[in-house]
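Spelled out from the first residue to the last, the chains are:
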Amino acid sequence: MTLTGIAEFIASFFGLPGSSSVWIVAVLAAAILLGFMLLTVLILIYVLRKLLGKIQARLGPTRTGPKGIFQTAADALKLLIKEDTIPVKADRRVFIVAPILVFVPAYLVYVVVPFGEGNHFIAKDLNIGLLYIVAVSSINVIGVVLAGWASENKYSLLGGMRSAAQLISYEVPQALAVLGPVMLAESLSMQDIVKAQGEGLFSWFIFRSLPLLGFIVFLVASMAEINHVPFDLPEGESELVAGFNVEYSGMRFAFFMLAEFAASFTICAIAATLFLGGWHSPIRGFLDNGWWTVFWFFLKSSALVCLLMWIRATYPRVRVDQLMEFGWKLMIPLALFNVLVVGLYVALGKGG
Amino acid sequence: MIAVHHYIFLSAALFAVGIYGVIARRNAVGVLMSIELMLNAVNINLLAFARYVTPTTLTGQVFAVFVITVAAAEVAVGLALVINVYRNMDHINVDDINLMKW
Amino acid sequence: MTSYVQKIAWLIPLLPFAAFWIILFFGYRLRKASALVAIAGIAGAFGLSLPCFIAMARGHDPVNVSFPWVQIGRLTVDLGYQIDPLTAVMLMVVTLIGSLIFIYSVGYMTDDPLFHRFFAYMSLFACAMLTLVMSNNFLMLYVGWEGVGLCSYLLIGFWFEKPSAMRAAKKAFLVTRTGDCGLALGIFLLFYLTGSVAFDPIFDAAHHSHIHETLFIAAAILIFFGAVGKSAQFPLHVWLPDAMEGPTPVSALIHAATMVAAGVYLVARSYPLFQLGGEHAIALSVVAWIGGITAFMAATIAVAQNDIKRVLAYSTISQLGYMMLGLGVGGYTAGVFHLMTHAFFKALLFLGSGSVILGFHHEQDMMKMGGLKKAMPYTFWTYFIGYLALAGIPPLAGFWSKDEILHHALEHNFPVFLLGAAAAFLTSFYMTRQMYLVFGGEQRDKHIHAHESPFVMTVPLMILAFFSAIIGIVCVHGQGFHHLVHFGQEPPAPFSLSVAGISTAIALLGIGLGWKLYGQKPLSAADEDPLLKIGRLYTFLQNKWYFDELYDTVVIRPLLRSARILYWVDQKLVDGTVNLVGIITIILARVHQLFDTYIVDGCVNLVGTVTRQMGFALRYLQTGSVQSYLCVLYTGVILFVVWQLYTGQHFSCPFLK
Amino acid sequence: MDWHTCSFYVLSVMILGSALMVVSLRNIVHCALFLAFTFMGVAGVFALLHAEFLAAVQVLIYVGAITVLILFAVMLTQKTIGISLKQTNRLAPLAVLSAVTFLCMIAVIALNTTFPTSGQHTVAVSTQTIGSAILGNGSYVVPFEVASILLLAAMVGAIVIARGQDN
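Chains as they are written, first to last, in my numbering: chain A, 38 to 389; chain B, 17 to 118; chain C, 216 to 872; chain D, 807 to 973.
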């Protein structure tokens, strides 16, 4: 039972022409992804709270539902029914558009994430998949800047500017780190990259050519890209109250939250795909087909998500000048070095 | 069926809008934006011809890559100039930047 | 031994040279240690010279090493060095006495602020002198010759704050340069005649070419002119007494022992040229007469001097004349022998006088001294030995060499012998005078407290005294020196008891006269010099035969006067012509100016005015606004494209046509 | 109307509409926002032309970088924002005339020209092919390197100009 089958069934049920099944497939896929994304975020927030509670030696949410599992849902409900205020002096149109500009790219990235083997578990395996991810995720900078500007608030403007600088700076090492797997797999397609790591644990790109460096650079740069601790300066409470989204409330604030948590899952998924063999099992040929691949994928992604939460719980925030120096003077040279080594590895490997 | 002419009209229209913007806008940043529009129009043309006239060689796409490169450089320098002009004259009104007048 | 001499000998002049550069560069940091460097340089040269001398003394063949320097077509100029007995003797004299004087200088110069520079110059001098004596050709000899001249100039003017020292240096430089012109001309002539500058080919050619014999003799006389300048012979002797303005070690080394002897060495070295003409060799006669006249004249002047160093200076001139005399009358060996002995005892005397001057607080007037025998015993006794040696008392060094010269003169040229004998008499007289004035009696100027010099000065004195005492008898023993240094098949000089008796008698006579005048009743502070009794002759002698005044009238004043006349000619005649041309040019330029102002400038201004007015009219197009330019640009492009559409071949546009 | 045609018209409307907004709106920040939409539309057109790589690059560079830069510049020259100044100068009528003339001219020329279009529409365009076209046979290596030098020079120049009078 595939999406195409469902689409044809729906088309015939409503008496639509056969060619419209393409559109129905697209709509269905989008809906599924949206649902999946919301679900992920829901779970993530709950897990985050619990995990932070454990790490900080407290309990986390307990009251709402058994073990507090409805806490997130309650929060979401609260945000939805909360009054949606827009400051008087704000630029209304931009103020409304900005959260969408942040949310949409986060959502669009899911299109090329390979959740499992074959075409069933990926919305569209673009041949420029990785480039698509990099390109689309760069859009949200505009949203952040505009959100900060449109609020007519000094804190939010500062937060927006900082955020823009940070995102632009860390896009460079992120894109450079991605080049390693691309060169090794000789393809930009996500599925191709995963397939190139099918030979068991040691064929994963994290262990090929220059072990770990590319992975670490990618993960750190991506954390900066999603404003994750310790790079969460744009929304640093102690300095900027809450950064670019200080004036937002209700549903629009929820968009920012959604985008952030969705993105933190996305980067884990991409890191798992690029460096940890994606949906492949660690042992060659062992439980390496069908739904098992989905299991492996989620296992790896979740592990990385837990790693991020661990970091969130333990690291203090860096200073803004440290952030920039770290990006330009350490991350970019490291990423370039990684590109050089991988390039040499590939070239020499090919030449014999 | 969409032919190459459609793309040429699209491109020409975008370019015309750009011409209007470049000549008529008073804000220097606006002028820069208009120039970007014109460059995009050019790229559309290049890719359309690459697609319809020489589908196998991709020369148009290569040129488009170079155009994008030049555009990036141009916008960086252009904006730097705008900021410098702003610092020196407290405005970026192209009409009033006429120190080179007789 | 040959291999050693050949391989190592070229290092001899280079060691002092190295010392010179080291002191030059690091002098300020080395300070007193620069003396050690200089002494190491000269002593190293001595250490290298000694085996050369021993090799020659054992009858080894002379060493002659040449290498090509310049090759132009068939012309080859060789440079090189040679070690033969004459050179070996000179090497020993220069390096041994040089070493002793360097050591002495440490004590003498110790308070001088330019201590290191002094040793740098001395090292450079040693290098140049060694180059001079080791050269196997006239070219390198000339280089060394000018090198010692330069160092002499620098060292005479060492205390250049004193105007007298400055003038003396200038005078020495100019006068010796006069002689050097002769030497240079002689070398040019020889090069023209033989196409070579090396000694051996020139001497060979001189002996085998009878056609140019006169020219060769002329060359010899020209070369002798150089020697006259350097060795302060009559009539170019006037610079040497003034050269005493330099530090005393300089006087001892350069102006007594080595450099001034270079002229004698040059004549000895070029002896084959001088010998041309057989029995009645003109060149040799010139040498003999000049030497004789110099010996006598200088001795007479020395009698009437009161400055302790000037007496010695004239004595040196006199003794150099003696050497020339010896060479001129055919006593080649005798001349060179006297050169060597004289170097020792005259260096001793100069250093002794330096010791006296230092102990007497830089007072050089003998009339103020007296009775220094008690205050300076070491100096007195060594000085005494030097005095006897110079006076020619057997068996000290001076006796043997002087005796031989007189012997030769008696045999060959009686008038010259008479001059020599008179000079010998005067020598012993003025030395006796000096001894009594300085050391005898009571100190006449009581304000000065004389003291003995340090050991670093007296020990070299003793060593030199030792050599002065024995070197004559050692060399004469078994005719040793005559076997070593001789010219051709010259027979060993026969020792004639009669001649020896005569010369001893002359010396004793002089001493006796001196005792009579100065010794019998020592001069007290109030007394005047007994020599004043001879009246105007004394004045004549004290004024050095009025040579300086003579030169002033004959040479310097006419030169100045002619220069003034030429100046006038230049001012009035030459400048007048130039000014006339200038005035004519100015008039022409005025005419040109009118043309330029009204016609050329008029055209230029017209063009300028037209351009300017057009500019005023057109400048309103320049709005300064980018966008208006852009607008015009677009219009232009569109017009162009439309025009192309109508007329061009690139677009076919039937719709529009 | 197939999906290709449909998409083309939708994108065209989006591009031209946004572009008109860019040149006509008074608030320059809104202009920048519409500029971003224009760029995205152009990226869509690229995708229609089977230039996926360039579409992604278009988004990455124009939307992700150039628009952000322009926003930066706008905010650094903030005095001119928000005040509803007249945004066009006295050349505006002339500009309209130029633009229309240009459009007409191109239309005339394009309609009267027969382009040597190839019937072959099955193009295997992939990133690798573009890479080979630029670097592969050495055909565009030198321009590629020159472009990199240009970028470097522009970067240095921009920094120098922008910090200007600090030192």
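Don't read these hints as lab results, they were simulated from the structure.
There could be a bad hint or two in this list.
[What the hints assert, rightly or not] Per the computed footprint, the stretches of chain C lying under chain B, defined by three or more beta-carbons under 8 Å from a beta-carbon of chain B, are:
1) 827 to 839
2) 842 to 853
[As the list claims (entries may be wrong)] A few chain B positions that, by computed beta-carbon distances, are all more than 10 Å from chain C:
3) 38
4) 65
5) 72
6) 100
7) 106
No residue lacks a Cβ here, since even glycine has one placed at the ideal position from N, Cα and C.
Hint by hint, here is what the structure shows:
{"no.": "1", "hint": "827 to 839", "result": "holds (count 5)"}
{"no.": "2", "hint": "842 to 853", "result": "holds (count 4)"}
{"no.": "3", "hint": "38", "result": "6 Å, violated"}
{"no.": "4", "hint": "65", "result": "17 Å, holds"}
{"no.": "5", "hint": "72", "result": "26 Å, holds"}
{"no.": "6", "hint": "100", "result": "16 Å, holds"}
{"no.": "7", "hint": "106", "result": "18 Å, holds"}
The earlier numbered hint that this structure contradicts is number 3, and it is the only one.
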